[in-house]
Amino acid sequence: MRSDHHASDTNLQLLVPDNHLPLTVSARPTFFWYVSNTTLPVRFTLVEPGVAEPLLDRSFIVKRPGIVQLTLPSDIPGLALGKEYRWTVSLVCNKERPSENIYAYSSIKRVAITPKLAQTLAGVGTEQQKRSLVYARSGIWYDALNRSYIGYKANPQGKVPRWYFSKLLNQVGMPTVSDQQLQQPNTISNQ
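One point on numbering: in this note's numbering, the residue at position 3 of the sequence shown is 3, and numbering is uninterrupted.
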């Protein structure tokens, strides 16, 4: 489900588990990945299996090494309930020979919030770390990671938010990320 590639000085890793299909309850989820030092153009694509045209195909430059995040923009249709999609991040090494690109891919499936999950979320209120934990326990990976990251950003000096976000990163084999890389993510504009 996940493919991570490493060049001599470039590491690209999607922040998703590889032992099960990662889920979301959001029509516009946030995708996270890590890229080490690179000046290569980055291409993000999201496709629905069986559909020729990508749902999203964006190219951009990552300004610094670290975590990159991209939220599905509002100018395209959101993810449909029950459908599985595939997303790919490519470091474009050679526009003429795509086979030379460094790439990683994974899947995402949108599921409905069950009444039990909705009740549990209502019980924890708006505290992001608690919401993240509820999502994680329910197998809703994308929302667990995003809520944990939002909680960390709201309190970067707090030990619990930092520890919990790091714990989620460790679950996907992510190496240690510096506080600077966490506090200054590469957020991709949805323009």
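Possibly wrong hints are sitting among the right ones.
As the list claims (entries may be wrong) - Straight-line C-alpha distance at most 35 Å; calculated DSBU-like pairs for lysine-lysine:
no.	residue 1	residue 2
1	LYS95	LYS109
2	LYS63	LYS153
3	LYS83	LYS130
No lab work stands behind these hints, which were simulated from the structure alone.
What you are looking at is a predicted structure, and each value in this text was computed from that prediction instead of being measured.
Consistency of the hints with the structure:
With a CA separation close to 30 Å, the supplied pair LYS95 and LYS109 stays within the 35 Å bound. Between LYS63 and LYS153, the direct Cα distance comes to roughly 19 Å. Compliance with the 35 Å bound is thereby established for this hinted pair. Restraint check: the Cα-Cα separation between LYS83 and LYS130 comes to about 27 Å, which is no more than 35 Å; the hinted pair holds.
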